[in-house]
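Trainee: Those protein sequences? They're chains P and W, same order as listed.
Start counting the first sequence at 22; every next residue gets the next number (the working numbering).
Start counting the second sequence at 168; every next residue gets the next number (the working numbering).
Everything labelled a hint here was simulated from the structure, so no lab data went into it.
Using N, Cα and C, we set each Cβ at its ideal position, and we do this for glycine too.
Do not take every clue at face value.
Covered, in the sense of this in silico footprint (three residues per stretch, anywhere, with C-beta under 8 Å from a C-beta of chain P), are these stretches of chain W [to be verified]:
| id | region |
| --- | --- |
| 1 | 473–486 |
| 2 | 608–615 |
| 3 | 621–633 |
| 4 | 740–749 |
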Amino acid sequence: MSERILDINKLSVTFGGLHALRDLDFHVDEGEIVGVIGPNGAGKTTFFNMISGMVAPTSGEILFEGKSLLGLDPNQVTARGIARTFQNVRLFANMTIAENVMVAQHCRTKQGVWGSLFNTRAFRQEEREIREHAEKVLGFFGTRLIGYRLEQPASVLSYANRRRLEIARAMATKSRLLLLDEPVAGMNPMESAELTGLIGKLRSEWGFTIVMIEHDMNVVRDVSDRVVCLDHGETLAQGSFEEVSSNPDVIEAYLGRPLEKKTT
Amino acid sequence: MSDLISNDMTEDGSNELVDRGAFDLDWNRVGRMGALAALAMWFVSLSGMPVDLDSRAIIDPDLSLGYLALVVIPVIFGWLVGNEVVLEGMAATKRGPRDVVAGAAVGLLSGLATAILLVLINNFDIRDPLVNWSPDLLSLLTFGRSNAFGIFVWLLLSAVLGVAGASLRLLAPRIRRAIIVVLVSVLSMSIFQAVIDDLFGAIDPLIDLLYAKTGGLTRQGAIVIAVVSGGLSLTGRGRIKAARDDYAAKTGPERTRQTAIMLAITTVLLIVLPFFTGKIINELLANVGIFLLLALGLNIVVGLAGILDLGYVAFFAVGGYTTAVLTAARPGESWPDWLPHTPWIVALLITIVIAAMVGLFIGAPVIRMRGDYLAIVTLGFGEIIRILFLSDWLNGFFGGAQGIINIPAAEFGFIGEVSGVSPRSVFYLVLVFAAIAIYASWRLERSRLGRAWMAIREDESVAEAMGINTVNAKLMAFVVGAVLASFAGAIFSAKVGSIFPSSFLILISIIILVVVIVGGMGNILGVIVGAVVLIGILGGPRQPGLLTEFSEYKLLIYGALLIWMMLQRPEGLVPNVRRSRELHQEEFLQDAWLKGEVDHDDGTPGDGVDPDGGTEVAPA
C-alpha cells in the first residue's frame, strides 16, 4: 500500500518570467487518492501538463515507479501508465463513443498495417479484446454510456456524460495512475455525488491510483486520502482534508486576509 | 445527408407565408445579382470558351457546348435571385409572380450586358490585351447574322432563361427534380457519346436515332432521352432512395451478401467493359484508373490521417523513375554495370521498397509539423524531387530534361504484356492495383491504425496524451500513401514508355487533391466518383477527357468547381459520414435532437432535450 508510485522533487517551470511552479515537492503512494486544490492560476493544470509530458519542466525531477519521466513525449508517459482527463473536456467529438474508448488502448496494442491488411487471426483477436475492454470500461458508468449509444458520436452527449466518457477514455489506457482534472466541474450536486462514489470505486474495484484537481470541496472531502493545496506554484499545505481546510494560509489564499489581521 | 444542406425550408410548410405584390422586390438584390450575371457573361465570353467549345455540339444544330456555357448563366442567376434564407418560425414570402419578375429582371440585365459587349466588339478593337475580343466571338454572339438580330435575341433569350431559372422554384419538388433529371440526362448522354457509340455501335438504328453524324444528339434523340428520363424520374420517384435506405438498414450477413453481389456485378462489368469500348475510351479508362490510384493513396494521407500533403506527386515520380531505371535498356550512362535489368514485376517490388524508404525519408522531418506549415513543406519537397530528376548533377542517372526513354512493356509471362500500345491491358493492370488500394483503404480505416488517424485528425495533442505515437502513426499514413503512388508511377512508366521530369509537375498534386476534395474526402466511393467525373469527363493535366474541347479551360473549370464545392458542399460529392458531421455539426446535432438522441440534462440518454449538452461543441 505504501509503495511510492509518483515522486516529484523540486519541480519548477517558468514561462518567460512567470513561475508557474516553484520547487514543488509532491508524492503519491500506490492506491492513494490525492486531491489537489488551490485558487485559480495556482498552477494545478500546469502541474498535470508537466506530469503528462505536455510541458517540459525547467528544473526538477519526476519519478514514476522509480524511473524518471523527464524528456518523455506525452504518449510515452501514457505508455508508462499515467493517463489524464482535461479540464475543458477534449473528446474526439466526431468519433463514436465506443471509438473514443477503443482508440485509448492504442499504446497497449500493437497490430499494424500488415495485421489489418491481411486480417490475421492475431488482428481479429486483438480487435475483439479492444472492443470488449471498451465495453467493460463504459459499463462502469452504468447505463449512461452503454447500449445503443456506443455507435453514436460523442458530440450528442450531455456535458456530464462527456466528463464521464473522458474518464472512461483515461481508464481504457490501462494505466495505473489517473490524473483527473476537475472531474465534476459543471455537474449538478446529484451527479457529482454519484461521480464521487465512482471515483472511490476506481480505486477499490479497478485498482487505480488517483490524483484529482477539484474545486468542489464536498467531493474533495469525501474521496481524498490526502489533500495538497497549491498557490502561486508552491505547496501551501498538505495533509488530511480537515488539516488543510483549517490551515490559515489556505484560507487566506482562497478568501484573502481576515480583516482583524490588518489592524494589528 | 442531403437533407442537411437544404436551405429551402418553405417546402415543409412550417413557416407562415406572406403574400407580396409582383413588383414588391428587393431591387437592390436584383440589381446585384444582375450585375454578377452580367460580369459572368462578359468573363465567360472573353475567356474564349464559347468560341472554342462551339465545335462541340450538344444537340446537333441547336445547341453547342459554347452556347451552353453562355446560356446557363441567366438560368443560374435567375435561380439564385430567388434564394431566400428562411429561418424557422419566421415569416417567409410566398412564391409567385414576384420570383418570375425577379428572374426576368436578372436575365434581362445579363442579356443587356451581352448586347453591350456585342456593340463594343463591333466598334472597338482591343484584341491586343484581350485575345478573345475577336470577330469569331462577334459572329458567335450575333448567331452569324446582323448585330440587331443578335441584340434582340440575347435580350429576349436571357430574360426567358432568367424566368426559367426562377420558375424552377415555383414548381413542385417532384416536377423540379424531373426537369433537372431530364437536363442532366440529355447533357450526359451527349457527353458520353463516344462511350455509347463504342458500346452500342452494333445497333445502328439506335445510334442513328440518337446521334448526329457530326457529333452531338439529334433533335429527336434529345426528345427521346428527355421523355424517357423524365418518365423514369416521375414514375420511379423514391424507389432508388427506398432501395438505398433498405440497404442501409440491413445489418449482418444479409448486408454482407448484398454488398458482395454488388461488388461482383461491378467487377464483372469493369472486366467486360473494355472489350466493347474502343481504343480511345480504353485509354481514357486507363488514365482515370491511374489518377484514381493516386487519389486513393492521397485519400489515406489527407482523408484518413488529415495530413495535407501538397507534394504527393513526388512519390508518383519516384515510382515512375525507379521502375524506368530498373526496366529500361539504357537508363543512363552513370549507372554501374551491375545494375540489374529486371522485368517489370520485379522492378515493382523494388519500387515499393524504395518508395516506402523515400516516404520515410521525406516524412520523418516533415511529419512533426502541423497544418499549414506541413502543407508548405510538402509542397517544397514535391518540387525538390522533380528538380533533382531534372538536374544536371543527376543527369547521368535520370537523363535530365531528356528523361528516360525506351521503357519496355510490363511482361506477365503467358498472360501477356502491358504497354501503351494496348490501353485495355493497362486498364486491367490499373484495375488490379486500384482494387488493392481500395481494399487497403477499407481495411486500414477500420483498424487500430485507422482509429488512431481519426483521433489525430480531430485533436492531435489529445491523441498524443491518450498514448498514440502520433509521429509513427502519421508516418505510417505517409508511407502507405507513398507506396500506392509508386504503383501508379510504375504503371505510368510502362504505359507511356518514357518519362520526363515534366510528367511530374506540382499541378498533378493539386489535381489529385481536387479529385479527392470534390469526390468526398475520406470516402472511397467519393474518390472514385471524383476521379471519374474530373479525369474522365474534364481530363487530367495532360490527358484529354470526354470533353476534349475543355483541355484549355480545364483548370478554370477545376477552380470554379472547387470554389463552388467549398461554398456549397465542402464534404464532397459523396461525403464521408464523419466529415459531413464535422462540417455540419450544428445541423447534425439538430437532427439528433429532433430524433431524441441527445442527452437529458441529468445525463439520462435518449428521449429528450438538453439545451446545454446538445448544441455546444466541445472546445478544441
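Trainee: Take the hints in turn and mark each one as holding or not.
Mentor: Do the hints match the structure? See the list:
1. 473–486: violated (count 0)
2. 608–615: Since 5 is at least three, the answer is holds.
3. 621–633: This one holds; 10 residues, not fewer than the three required, reach chain P with a Cβ under 8 Å.
4. 740–749: Holds, because 3 residues of the region 740–749 of chain W bring their Cβ atoms closer than 8 Å to Cβ atoms of chain P.
Consistency with the previously given hints fails for number 1 only.
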